[in-house]
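K.L.:
Using the sequences provided together with the hints, build the complete structure.
Protein chains in written order, with our numbering: chain A, 1 to 392; chain B, 1 to 128.
There's no promise every hint is true.
In silico SDA-like links for lysine to any residue, alpha-carbon gap of 20 Å or less [as the list claims (entries may be wrong)]: (1) Lys92/A with Lys29/B; (2) Lys388/A with Val20/B; (3) Lys388/A with Phe9/B; (4) Lys102/B with Lys388/A; (5) Lys29/B with Asp10/B; (6) Lys121/A with Phe9/B.
Far from chain B, by Cβ distances over 10 Å, these chain A residues were calculated [claimed, not checked]: (7) Ala111; (8) Arg147; (9) Asn248; (10) Pro391.
Think of the hints as simulated: they come from the structure by calculation, not from any bench.
Here a beta-carbon is modelled for each residue, glycine too, at the ideal position from N, C-alpha and C.
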Amino acid sequence: MKEKNEQTPRVYFDHNATTYMRKEIIELMMPYFGEKYGNPSSLHFFGQEGRAALDKARAQVAALIGADPEEILFTSGGTESDNLAIQGTVRKNRDRVKRPHIITSSIEHPAVLRTCQALEKEGSEVTYLPCDRQGIVDIRRLEEIIRPETVLVSLMLANNETGVIQPVEDAARITRKLGVPLHVDGIQGVGKIPVDVSALGVDMLSISPHKFYGPKGVGALYRKRGTGLAAVYSGGHHEVGLRPGTENVPAIVGFGEACRITALRLEQEMKQIGDLRDRLEKGIRERVEDILLNGAGKRRVPNTCCVTVRRIEGEALVLNLSVLGFAISSGSACASGESRPSHVLIAMGLDPVDAQSTLRISLGIGNTVGDVEAFLEVLPEVVQRLRKLSPI
Amino acid sequence: MEIVNAAFFDHFMDPRNVGVLEDPDGKGKGGDPSCGDWLVIMIKVREEVISDIRFQCRGCSAAIATSSVTTELAKGKSVAEAREITAEEIEKGVGGLPEEKKHCSLLGVTALNAALDDYLYGKGKKKA
Ligand SMILES: Cc1ncc(COP(=O)(O)O)c(C=O)c1O
Ligand code: FES
Chain A
1 MKEKNEQTPR VYFDHNATTY MRKEIIELMM PYFGEKYGNP SSLHFFGQEG
51 RAALDKARAQ VAALIGADPE EILFTSGGTE SDNLAIQGTV RKNRDRVKRP
101 HIITSSIEHP AVLRTCQALE KEGSEVTYLP CDRQGIVDIR RLEEIIRPET
151 VLVSLMLANN ETGVIQPVED AARITRKLGV PLHVDGIQGV GKIPVDVSAL
201 GVDMLSISPH KFYGPKGVGA LYRKRGTGLA AVYSGGHHEV GLRPGTENVP
251 AIVGFGEACR ITALRLEQEM KQIGDLRDRL EKGIRERVED ILLNGAGKRR
301 VPNTCCVTVR RIEGEALVLN LSVLGFAISS GSACASGESR PSHVLIAMGL
351 DPVDAQSTLR ISLGIGNTVG DVEAFLEVLP EVVQRLRKLS PI
Chain B
1 MEIVNAAFFD HFMDPRNVGV LEDPDGKGKG GDPSCGDWLV IMIKVREEVI
51 SDIRFQCRGC SAAIATSSVT TELAKGKSVA EAREITAEEI EKGVGGLPEE
101 KKHCSLLGVT ALNAALDDYL YGKGKKKA
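P.N.:
Written out as structure tokens, the structure reads:
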């Protein structure tokens, strides 16, 4: 086994967790931490400087997803966008519907799942759609499940663990026909695949720029004109009263720029990442036996590889690879600990022990062929070492 | 990952006493194969002293590191002394564990005691 030494690489393969920021974005943000500190709500010239920056960023975010600027609400991140969409819809319908009904899926991010679970405790009803072995949410029964009390359908665009793209367009055809709003957690999709809100037919879409080389702690909720929504926070008139609070101007400026650059480079960069991912998966298939590439046969965002390395615990593999200079993530830890095997992999029907043996490798625009080759060099050795330790 | 100390990484990356013993005097298991963490310890006993010990583990990093420490602590101890090894002692051997990893060191205690039970009362019991 190679020891940690000066030559230990520092390879980041965890871009679905977060990305670094593009340098040009950081540079553009800097003045808004410093001299351009005005509150966009202020009438004077300091405030107007901030207001102009906000307007520009709003237009840039809107342009990336084919929306109008007035349809963009800035939030503190993807989690808040999901909460605002779901809680805000339930609030809006509180007087009209006694027991609001929400339809979502079993593979959503905790930002959606836990929000729904919290609402269940407060009297809402939630239906969790199952998914198939490939990680695609089964929407065949959506039409019959929708009922007069159904206030919202919430589905993700791409899954954060598998990268599998969900049948949002098909769901939208149904929700439109029946007049139920559709919220889409687009956090792992926007910035990785082209997204057009009208083509998708969604009513609300959550976006988070730290997944595409923008800043953390800022996000947006696209809300189609006329979609009923109530604020979750109380406060001032910001963001048409739906999201009160003085705006995080530097982060929003960075968000806008991330959207602008992404729109220009998406096609070329994603082709490059897709090729790298294919090389990675081909290499893993050739060099490591007894593995599963989850969702690999389906439409996925181009950067994500979800691989089960059987007979090894994912956490041990992740830590061993980290010692050797590769940053990846595993969705799960042991059942006796606090963390459970990933709910996504379990919903896909993976055996819990296999779910525990699963890695998520998520590539980014900074990764090179050399990074992938170096990883493919190291991986078989590490797998062999850990399998040798194993009694099974 | 909160685990940063050298002793932990040493035992995780280079665990001691890995493998199986032929014709062991005692063999014990810890953990639950169905939940994925599984430790097997085998011992040889000469004149009531653990003369050799081996382990195999499918588990998290902390399970691997603490299993290695368990075997080091047990080797050379008498059967009675080995009974006294605690999870805390094992944890100390890897320089401490974060809260959510404390249960990992129990695997070693369980498997070691099962191996001692097997030696004393089980199939492979006390050879004259
Ligand atoms: C699918 C999905 N939804 C929501 C979130 C939460 O976004 P944020 O980290 O911006 O709050 C994430 C990020 O991990 C995600 O992957
Ligand atoms: S044995 Fe459960 S996390 Fe280590």
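K.L.:
Against each hint, give a clear statement of whether it holds in the structure.
P.N.:
Comparing the hints with the structure gives:
A threshold of 20 Å between alpha carbons decides the hint, and for Lys92/A with Lys29/B the separation of about 56 Å lies outside it, so the pair is violated. Of the supplied pair hints, the one linking Lys388/A and Val20/B holds, its CA atoms being roughly 11 Å apart against a limit of 20 Å. Of the pairs offered as hints, the one joining Lys388/A and Phe9/B holds, with about 18 Å between alpha carbons and a cut-off of 20 Å not exceeded. A hinted pair counts as satisfied when its Cα atoms are at most 20 Å apart, and Lys102/B with Lys388/A does not qualify at roughly 24 Å.
Our distance criterion of 20 Å between C-alpha atoms is broken by Lys29/B and Asp10/B, whose separation comes to about 24 Å. For the hint linking Lys121/A to Phe9/B, the alpha-carbon distance of about 43 Å lies beyond 20 Å, and the restraint is violated. With a least beta-carbon separation of about 22 Å from chain B, Ala111/A lies farther than 10 Å from that chain, consistent with its non-interface assignment. Every C-beta of chain B lies more than 10 Å from that of Arg147/A, the closest at about 39 Å, which supports listing it as non-interface.
No beta-carbon of chain B is positioned within 10 Å of the beta-carbon of Asn248/A; the least distance is around 29 Å. Its closest Cβ contact with chain B, about 4 Å, brings Pro391/A to no more than 10 Å, contrary to its assignment away from the interface.
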